[in-house]
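Protein chains in written order, with this note's numbering: chain A, 1 to 289; chain B, 290 to 578; chain C, 579 to 867; chain D, 868 to 1156; chain E, 1157 to 1445; chain F, 1446 to 1734.
Wrong hints could be hidden among the right ones.
Unchecked claim - Partner residues aside, some chain C positions facing chain D, computed with beta carbon under 8 Å:
#: 1; residue: Asn-616
#: 2; residue: Leu-623
#: 3; residue: Ser-682
#: 4; residue: Leu-843
To be verified - Chain C regions said to be covered by chain E (calculated; three or more residues, Cβ under 8 Å):
#: 5; stretch: 668–676
#: 6; stretch: 845–857
If you're looking for bench data, these hints aren't it; they were derived computationally from the structure.
Glycine included, every Cβ here is placed at the ideal spot set by N, Cα and C.
There are 6 protein chains.
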Amino acid sequence: MPTPNNPSPNDAAAVQELLGGKFGEMSTLMTYTFQSFNFRGRNRLRPFYDVICSIAGEEYGHIEAVSYAINLLLTGTTKRGFDPEPGPLKNITDARNTRHFIASGQTALPMDSMGDWWTGQHVFSGGNLKLDLLHNFFLECGARANKMRVYEMVTDPTAREMVSYLLVRGGLHVVAYAKALELLTGVNVTKLIPIPELSNKAFPETRKYEENGLHRKLYTFSQDDYQQAGIIWNGSHPEDGSELEVVFGAIEGAPAPDLEEEPQLNSPGADDIDLEMFKDIAAKLGIKI
Amino acid sequence: MPTPNNPSPNDAAAVQELLGGKFGEMSTLMTYTFQSFNFRGRNRLRPFYDVICSIAGEEYGHIEAVSYAINLLLTGTTKRGFDPEPGPLKNITDARNTRHFIASGQTALPMDSMGDWWTGQHVFSGGNLKLDLLHNFFLECGARANKMRVYEMVTDPTAREMVSYLLVRGGLHVVAYAKALELLTGVNVTKLIPIPELSNKAFPETRKYEENGLHRKLYTFSQDDYQQAGIIWNGSHPEDGSELEVVFGAIEGAPAPDLEEEPQLNSPGADDIDLEMFKDIAAKLGIKI
Amino acid sequence: MPTPNNPSPNDAAAVQELLGGKFGEMSTLMTYTFQSFNFRGRNRLRPFYDVICSIAGEEYGHIEAVSYAINLLLTGTTKRGFDPEPGPLKNITDARNTRHFIASGQTALPMDSMGDWWTGQHVFSGGNLKLDLLHNFFLECGARANKMRVYEMVTDPTAREMVSYLLVRGGLHVVAYAKALELLTGVNVTKLIPIPELSNKAFPETRKYEENGLHRKLYTFSQDDYQQAGIIWNGSHPEDGSELEVVFGAIEGAPAPDLEEEPQLNSPGADDIDLEMFKDIAAKLGIKI
Amino acid sequence: MPTPNNPSPNDAAAVQELLGGKFGEMSTLMTYTFQSFNFRGRNRLRPFYDVICSIAGEEYGHIEAVSYAINLLLTGTTKRGFDPEPGPLKNITDARNTRHFIASGQTALPMDSMGDWWTGQHVFSGGNLKLDLLHNFFLECGARANKMRVYEMVTDPTAREMVSYLLVRGGLHVVAYAKALELLTGVNVTKLIPIPELSNKAFPETRKYEENGLHRKLYTFSQDDYQQAGIIWNGSHPEDGSELEVVFGAIEGAPAPDLEEEPQLNSPGADDIDLEMFKDIAAKLGIKI
Amino acid sequence: MPTPNNPSPNDAAAVQELLGGKFGEMSTLMTYTFQSFNFRGRNRLRPFYDVICSIAGEEYGHIEAVSYAINLLLTGTTKRGFDPEPGPLKNITDARNTRHFIASGQTALPMDSMGDWWTGQHVFSGGNLKLDLLHNFFLECGARANKMRVYEMVTDPTAREMVSYLLVRGGLHVVAYAKALELLTGVNVTKLIPIPELSNKAFPETRKYEENGLHRKLYTFSQDDYQQAGIIWNGSHPEDGSELEVVFGAIEGAPAPDLEEEPQLNSPGADDIDLEMFKDIAAKLGIKI
Amino acid sequence: MPTPNNPSPNDAAAVQELLGGKFGEMSTLMTYTFQSFNFRGRNRLRPFYDVICSIAGEEYGHIEAVSYAINLLLTGTTKRGFDPEPGPLKNITDARNTRHFIASGQTALPMDSMGDWWTGQHVFSGGNLKLDLLHNFFLECGARANKMRVYEMVTDPTAREMVSYLLVRGGLHVVAYAKALELLTGVNVTKLIPIPELSNKAFPETRKYEENGLHRKLYTFSQDDYQQAGIIWNGSHPEDGSELEVVFGAIEGAPAPDLEEEPQLNSPGADDIDLEMFKDIAAKLGIKI
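Looking at chain A on its own, in the form it has when it is part of the complex (with noise of 0.2 Å):
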């Protein structure tokens, strides 16, 4: 993820939707999780776990993406130092989300764009399968549509490149429920797509990851589980035809960026710890560090 052009908190807020709001990736993370640990019938519709269960492993991903494009637009949005005196937040007064200055260390949290808190009211798992695919594939149109107005709020790269990249995958999970249902009801769902009709080749930064298949492509998080999502997941795509894969094992991650001290903030603080004192101890008992 490339650094922010122009750090602000108001962008930060505006992506916080992306995070915690009703059709944020938290949403999804735990609505997935849910089904997925209650299921009942798991041997008799396994194709169906298995889809779900795939796609629950990505979300976690997601919100970490999500939080990480925040935390680099909040970081050196204050003044930088120790002195309180000068009042080095002196500008977050008029800052839409005072949360991220005040409950945290200029980092996100599981709350909205209008800072209201992420709540489990948010789950959907009804225990009908065709009713929580349906949900699914409703959540996952709704995510999307909300993803594309973040987009044009926010102009900053960081938080573009992080919702292109979402948009492609979450476009995936769409046509992943879309298939599910098809493959319970015969009804085809995926010509339903896309919704909002706009499509995602509208988003520049959407084609490199395109362009490596991340459309078409499903990993599964596991090496030997959710072996039968292919039963779902199989065919063409329905925009550009491309063939769909099953991928066994873990999306290729990029690596966590390393967030900046802000010390007027005292975050992290710790100012007078002895790093010898870590080398030491690790020394004695054969850390490598």
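Got chain A sorted already, so can you dock chains B, C, D, E and F onto it with the hints?
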């Protein structure tokens, strides 16, 4: 996890506190996860980062364990069958938590023992390392108190097995954050333990876990990352003097129980699906089922 | 609506889910109402607007029907009389929902089966027509699942009569949104029905309503407006092939039951009011009473 | 309603208080609606029931009026077009209420001026008539104070026209509940008016409505029901001595403004739909369009 | 306060409404407290300020009284002892409010009878004196209705003693705000009393408090401040004509009951503490114990 | 408290965090208050009870201090006058917290810096003494971090004076709970201080308070009770070695500022009231005014 002797909606309702309560596993999971995303100066303070990440990695398995205990306690508590006319859920009007039967298919949701949804407000990620560690130490002690009280409320062996396992592992997390504070400040925080004063050894089901060393082994949930956790996690256990050990990789899990179908809830439904179709597709695509 | 055989606070508490739950009638009423206020480009897309408005018009009657069922289930559940000393509400300390007896006069409030207040967060009005229709289709399917489960919990005939009526009319709304999506996209969404798979025909009390054609008649709740609803609502019903029909005007209602007084709650109180005074005023002003 | 001179997201955000705030129109609508469903002893106390029902009937039109004012204030506040790349919503990162642009298509939702969702907790239906009337009198006075303050915040003529209309009609509701209390108790409650002390006559836009008698005509919103409202609503207005009048039927409404499309939000989308198809279907079925 | 005949978790749960409900003592305490902090023009309008402050001062004692009643009702409801194995809290799985036993040590928390947390949203401090006084009058009437209903639910003498005391003192607050409105407006608001119509004299336990004049003495909770309360609080009581009296200073309290330990909850724990140590320290420092 | 140089709605909005935030003064006040009501075994563990009660007694003054700072920051931020026509609040549409101007008369409410209401969920009263003390120690450290950050956001001298006073007194509470834990466990918890690491001495306005010994004097807020607080509060201060002292009685307060009227908000209104009438009544009744 054993099958319950007496499945019970109200036992399940009580156990929800350990999943979605203020001190439940959703809170520990999400607090440590966000602290890991939000860690400023991680290179300088790597051992602390590595311990937080290691524990965050384990908490995912804890929401799974609590969810399965709830699901087993709920399975079979209504009258099985397809016909709504006789009122197969009529005993549920007196149950404490109707969400298990209306919003879910007799399964767990991220809420507490009063049916209140888990909220992101329970996440603490303040950015000052000393404060975050102090919080985590308090959170784990509070979580331990909750587990002890739920153990005393629910005598079913399924629930007690799960709670006892969590008492042992959560007990280790108490020690880990105490030791992190000790390394950071030089204060012998481990001597505050146990909080509350009752030892885990008073809970009979904990014994076999302690005999297997589960109270003294910190897992990193990664082969390569978090090597410096050992700079904090070393020496002897404050209660029994056993040797603390870091294990690189994941804790060995138990197989997830298969949940029986509950047709009166149409859960999972899909009763007419043609299972041969799955086999045909699998055969055609070379998928092993 | 018949008078209950066995008035019951806990039955009433369960039925509240259909009034103020996430998938209750408050949610359908308010979602379609706001979608009608917020509809952009209504001249271009009039048939969709007209269907949404027609259904919104009906939902007001649904919150009324559920409320009266709750009120009847609650009437007479405490010991009638003016004297507080014997504790006329003492059986209520064990009831699940104390709000019916403290915050209200043994009557309904906009809350769910756990006593959680209905919230505007349950309204979805995203602005993209395809997404809004997909949402509405999902919402009605979820609402249908809730009704089925409440039917199975509450065997009282008052409640079942009301739930069955709503199953029929809500079932029509499912079809209406499916057909709207079909017109918009060409995808045969009606073939997904029923969700969950159990047919309304499994609920005996629905029969007389279906015999009266209530599962196939869309009411516009206006003589003049919403004429283009028929562009969507035409053809045959996906379950029984009967002919779909648009009726201009309101559905014929049942008279609202008169609720007995509950003096132990001082509800309504005003015991000493001089009823002759009303007659005198009426006579003087020429008001017919 | 006139078109705004200066559409403004923050003006729209302020006006939301009158829709979804504690004292907003959702609260008055739903409080009187539930009081009407929950009225015990309605035959004995018919005049009170009839007044509550008459006012409840009017409040639906009030949520509509506030919503349209918000919608007009929001229309055109972002840059119109299909291409997301230039960031057509980028000015919105500084707007107070991002929900108008992410969760909705630049339109109203049931929330207050802080973006907090309206909740059923704002409904009061306690069951004791004297207490309910006292509540309603207070609620209308509180609502009046809110309207006055929002008028002072938002100078746009669209908003002020709507607020002034509501000041007049809400002012009538204040008087109606005062008179109901007078009939019930003999206390001259109308002499407490106005609360707050500033007269509606200080708001220039109210004049034409008062000249049309809208401050003295109670509408029943039904030709046949609620005939006994006149037992309460008679005599002279406490502020200007004009004659109070009951009108059987609905208040004459203004046509709903047509809301322009906002393509950058894909609202409503459906850009490729074949409008001829509608005409063909209509022609075939004999539907007038 | 007497010790309960029958300690009962569900009685305690019901009484919580009077502590943390919308109309509970937290609401009256905090509303009047904030009105006192926020009073504009207090020099000009001193008598009103002095009455609000006097009543605010009393409400602190009311949250104490309700809390102790709850605490006594909860004491001894679980099986005392240190050993968790027999499940000393197992009867609690069926109790309505599990928070008393998990989040607290069988004691009160600021929540209502449904376990919903008290919220600052219940505070009304609008700034217009007439509106604030009208609110307070309504709030006290609503609080009175709640007390009457809880009295009818809970027959235990501990609870009834406390509720009756609050009926008397809350009844005085009703009169005080009515008289404040009378002074401000000239309208004889006290004639609306009682709301609901049932007199406090119907509650036998209120008699001794009324005989002691507690229904006619306004306490200022200060020797020096709030002298002008008497400009409002004078004349005769609207119900029995007794003389209203201002008392400078605090109301005489009862000693706080000592709460027994509940070792099965580790409450308070600290079983091994060396009490001699306290004595030694006290002796050394000259502290009287 | 000095009058602000630059009254500012957004400064006031930020300061609300210290009143109604998770770590605000409402939380400390109510947590210690409930812990004092709920203390089991108080005779055995009197010194701990006495310290908790002493600190609870002080927190009431802290909600007052923060409220007045907010009220002063808000006074005069809108255009004074009676006429609504010019829009005297029009600058407020861009303010972060509209509640100060709609729900209140430009004054404080129990909410946080995002306008979220304070909730009873922030109260912790678990019943195990060691856990409660650990919580309180953490809570005060978290509150301290919040104060430091708000100080850095708001440079106005009114706010800073108030925050600095609270830093000193809150700093004393940190030490008090640390010392209580030390007495209970023997662990030198005070050596963890300060958390965060920045000393109060970095805040210039704290100096005069420390010179007056306000960082070392624990007040009991009672002449007679809480004598055993000294068993915990003795010895020397961990930061500067000064002598810790218990003072029996209340801390000396500053006079409450008189808040100017804001007629454009009709706050307080009552403009025509006859002040002579007050004097007449007072004279007749012998009340000194």
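Checked hints:
With a cut of 8 Å, the hint placing Asn-616 of chain C at the interface with chain D holds, because the nearest CB-to-CB distance is about 4 Å. With its C-beta approaching chain D no nearer than about 6 Å, Leu-623 of chain C sits inside the 8 Å limit, and its interface hint holds. Interface hint at Ser-682 of chain C: satisfied, since its Cβ lies 5 Å from the closest Cβ of chain D, which is below the 8 Å cut-off. The criterion of a C-beta within 8 Å of any C-beta in chain D is met by Leu-843 of chain C, whose closest approach is roughly 6 Å, and the hint holds.
For the stretch 668–676 of chain C, the proposed coverage by chain E is satisfied: 7 residues have a C-beta within less than 8 Å of a C-beta in that chain, meeting the threshold of three. Given a C-beta distance limit of less than 8 Å, the hint that chain E covers the stretch 845–857 of chain C holds, as 4 residues qualify and 3 suffice.
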